[in-house]
Amino acid sequence: MSAAAIAMGPNGGEVVALESLDLTVGEGEFFGLLGPNGAGKTTTIGILTTRVLPTDGSAFVAGQDVVGAAVSVRQRIGVVPQRPNPDRGLSVIENLVFHAAYFGFSRAESRARAEEILQRLGLGERGESRVDQLSGGQQQRLMIARALIHQPQVIFLDEPTVGLDPQARRALWEILRGLHAEGRTIVMTTHYMEEAEQLCDRVAIVDRGRLLACDPPDVLKKKAPGGTLIELTLDGPAGPALAAARELPDVLSAEAEDSTLRVYHPRGGQAVAPLIAAVQAAGRAVTNIRLAPPSLETLFVSLTGRKLD
Amino acid sequence: MSAPVDQSYPQTGTTLHAPQAPRPVSAARVFWALLMRDAVVVRRELIFFLLRTAMQPLLFTVVFGYLLPRMGFVHRGYTAALLPGVLAVSLALAAVQSVALPMVADFGFTREIEDRLLAPVANWLVALEKVVSGAGQAVIAALFVLPLARLIMGPIPGLSLGHIGLVVLVTVFGAASFSMMGLFLGSVIEGAQIGLLFGIVVAPMIMFGCAYYPWRGLDAVPAMKYAVLLNPLTYVSEGLRAVLIPDQPHMPIPVILIALAAVTALFWRLGLRAFMKRALS
Chain A
38 MSAAAIAMGP
48 NGGEVVALES
58 LDLTVGEGEF
68 FGLLGPNGAG
78 KTTTIGILTT
88 RVLPTDGSAF
98 VAGQDVVGAA
108 VSVRQRIGVV
118 PQRPNPDRGL
128 SVIENLVFHA
138 AYFGFSRAES
148 RARAEEILQR
158 LGLGERGESR
168 VDQLSGGQQQ
178 RLMIARALIH
188 QPQVIFLDEP
198 TVGLDPQARR
208 ALWEILRGLH
218 AEGRTIVMTT
228 HYMEEAEQLC
238 DRVAIVDRGR
248 LLACDPPDVL
258 KKKAPGGTLI
268 ELTLDGPAGP
278 ALAAARELPD
288 VLSAEAEDST
298 LRVYHPRGGQ
308 AVAPLIAAVQ
318 AAGRAVTNIR
328 LAPPSLETLF
338 VSLTGRKLD
Chain B
-17 MSAPVDQSYP
-7 QTGTTLHAPQ
3 APRPVSAARV
13 FWALLMRDAV
23 VVRRELIFFL
33 LRTAMQPLLF
43 TVVFGYLLPR
53 MGFVHRGYTA
63 ALLPGVLAVS
73 LALAAVQSVA
83 LPMVADFGFT
93 REIEDRLLAP
103 VANWLVALEK
113 VVSGAGQAVI
123 AALFVLPLAR
133 LIMGPIPGLS
143 LGHIGLVVLV
153 TVFGAASFSM
163 MGLFLGSVIE
173 GAQIGLLFGI
183 VVAPMIMFGC
193 AYYPWRGLDA
203 VPAMKYAVLL
213 NPLTYVSEGL
223 RAVLIPDQPH
233 MPIPVILIAL
243 AAVTALFWRL
253 GLRAFMKRAL
263 S
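Note that the protein sequences, when read in sequence, are chains A and B.
Per this note's numbering, the very first residue in the first sequence carries number 38; after that it's consecutive.
Per this note's numbering, the very first residue in the second sequence carries number -17; after that it's consecutive.
Calculated from the structure, these hints are not laboratory results.
Cβ atoms here follow ideal geometry from the backbone N, Cα and C, with glycine treated the same way.
A hint or two may mislead.
[Claimed, not checked] Counterexamples of contact, computed for chain A against chain B with all Cβ distances above 10 Å:
no.	residue
1	Gly83
2	Leu90
3	Asp93
4	Val108
5	Arg113
6	Asp124
7	Leu127
8	Tyr139
9	Glu268
10	Ala281
11	Thr297
12	Pro303
13	Ala319
[As the list claims (entries may be wrong)] Sample of chain A residues at the chain B side, in silico, Cβ under 7 Å:
no.	residue
14	Val89
15	Thr92
16	Arg120
17	Ala138
18	Gly141
19	Ser166
20	Tyr229
21	Ser296
22	Gly320
23	Val323
24	Arg327
[Claimed, not checked] Beta-carbon label-pair distances, calculated as ranges:
no.	chain 1	residue 1	chain 2	residue 2	range
25	A	Ala149	B	Val24	53 to 59 Å
26	B	Arg11	A	Ala149	14 to 20 Å
27	A	Asp272	B	Gly173	44 to 50 Å
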């Protein structure tokens, strides 16, 4: 991962580049960076939020250079980190009041705003609590409150729902949808397909610091190889079984990688039994089987040859 | 711990928090807000802070400034050499701890410091704020120890506040240089090694910093007399000795001030470089 750039164009559009590839993030867009751990997502967010120095290339947020005008960039962004990192020396509401003070808000003004935001994010009763007394989901919401308190133009979220239970995750999605509906530009990284599909206007698929695809989720899904992915894990190299799999009727495509055999078939469920029989005839036993309907996930697997999680 | 509250959005339907053009804010105002944040935290933990930093010098005062003189093992005039040293140790301990200890957490697993690194101000000002706040805490600790130490030791021959300007100068230099040292140590040390810091850095520094004996007393041990010149605490101890109890033997004041300026410049360079390295990956 060597470079990332986000630049605001003449009408407020922003451009993201990973290595040699550029992307445009429009003002008011909910943009997703989807990739497995180690894809360079956190580094990208780190560079764009002035916390990581790019080794090469240039990067802009809202027209401001993240290296040359870091202070200007900071005035325009709110950041929700991967792990909640509230200031543990301060109470919940003080976290917000002081963060606002760092951005020049007066005490009275920041207090009123903090109370309002806490109320809105369901933390209204927790203002005077110590941050250690909050649950993981509540701490994550506090981080969102902190990212909003100074009314930034662009919000960055780095895997905001990792470690949250499903209920807290859904609640967070609702909050993010609401923020987006208010016209905010949101850049979010995730390694959850469902999250990217549900929330983002556009999704960039990244792996090992490279951009593999970038489109709205439904366009990306159309790019996925047709059919359901049937992924078989075998008890040995999958090569010998590959030819047999390709012989089966209606198979769209098939590939072998180590002991994994991937077959795309328009009617996944019906193809499983003949496929297993064909594999066994080729002298291999099936140790695991997984089916994935056409989705960002099948696209991701076809682009990178590996799973997301 | 309470369960996460299920939350439907929005509750109010307002767009009160819609994005705004950034409001201009001066670096001085951000710096002040950072300082106020530290003030709130310090005020909340003042008792623990004083216990942590003043206990060691005060216990030393009881043994060497009260018990031993009463037993006749040390000369009664020894307290005149000891008091400035005890103040110097208080300054050093408080400054190093109040910067280095929180910083280890700040740069730890979750990087708590990030909300301050996202403040619209250059990172070096965040470091400078840590130093100013640490120096302030050091002065508070010294002001707390001074009357107590004086009370424990009894009247101290030659103690004078006649050179108050120089007293302030040496105190501020000393507090600043040790909080810069704290900035350096806090930035280079990992959480697990924090105990080591006090065992192998702070403890020898305190024992060999001319705090409990005057530098001129080391005429008797020439090798030590020159070795302690490498210890920054030597200049603070000698400096406070020179300005608080001028008739005690001490290093020349200009030498002390030049050395303190050099130590301060050195630790600022080292501390800032280490801090910036951790702040920006």
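Tested hints:
1. Gly83: Check fails; 7 Å does not lie beyond 10 Å.
2. Leu90: The assertion about Leu90/A is violated, with a minimum of 5 Å to chain B.
3. Asp93: Nearest chain B Cβ is 15 Å from Asp93/A, so the label holds.
4. Val108: Violated, because the least Cβ-Cβ distance between Val108/A and chain B comes to about 5 Å, which does not exceed 10 Å.
5. Arg113: Incorrect as stated: the minimum Cβ-Cβ distance to chain B is 5 Å, not above 10 Å.
6. Asp124: violated (6 Å)
7. Leu127: With a cut-off of 10 Å, Leu127/A comes too close to chain B, as the shortest Cβ separation is near 7 Å.
8. Tyr139: Incorrect as stated: the minimum Cβ-Cβ distance to chain B is 4 Å, not above 10 Å.
9. Glu268: Its Cβ never comes within 10 Å of chain B, the nearest being 34 Å, so this holds.
10. Ala281: At about 50 Å from chain B, Ala281/A clears the 10 Å cut-off, so the statement holds.
11. Thr297: The claim holds: Thr297/A sits with its nearest Cβ about 35 Å from chain B, beyond 10 Å.
12. Pro303: Answer for Pro303/A: holds, closest chain B Cβ roughly 39 Å.
13. Ala319: Given that every Cβ of chain B is farther than 10 Å from that of Ala319/A, nearest at about 49 Å, it holds.
14. Val89: Check passed: Cβ of Val89/A comes within 5 Å of chain B, closer than 7 Å.
15. Thr92: Interface hint status for Thr92/A: violated (11 Å vs cutoff 7 Å).
16. Arg120: holds (5 Å)
17. Ala138: At about 4 Å, which falls below the 7 Å cut-off, the nearest Cβ of chain B leaves the hint on Ala138/A intact, so it holds.
18. Gly141: This hint holds: Gly141/A lies near chain B, its Cβ roughly 3 Å from the closest one there, short of 7 Å.
19. Ser166: violated (9 Å)
20. Tyr229: violated (18 Å)
21. Ser296: violated (36 Å)
22. Gly320: Given a least distance of 49 Å, the restraint on Gly320/A is violated.
23. Val323: Hint on Val323/A: violated, closest Cβ of chain B at ~40 Å, above 7 Å.
24. Arg327: Cβ of Arg327/A sits 31 Å from chain B, so the hint is violated.
25. Ala149/A <-> Val24/B: 53 to 59 Å: violated (26 Å)
26. Arg11/B <-> Ala149/A: 14 to 20 Å: Check passed, 19 Å falls within 14 to 20 Å.
27. Asp272/A <-> Gly173/B: 44 to 50 Å: holds (45 Å)
Hint compliance for this structure: hints 1, 2, 4, 5, 6, 7, 8, 15, 19, 20, 21, 22, 23, 24 and 25 are not met, and every other hint is.
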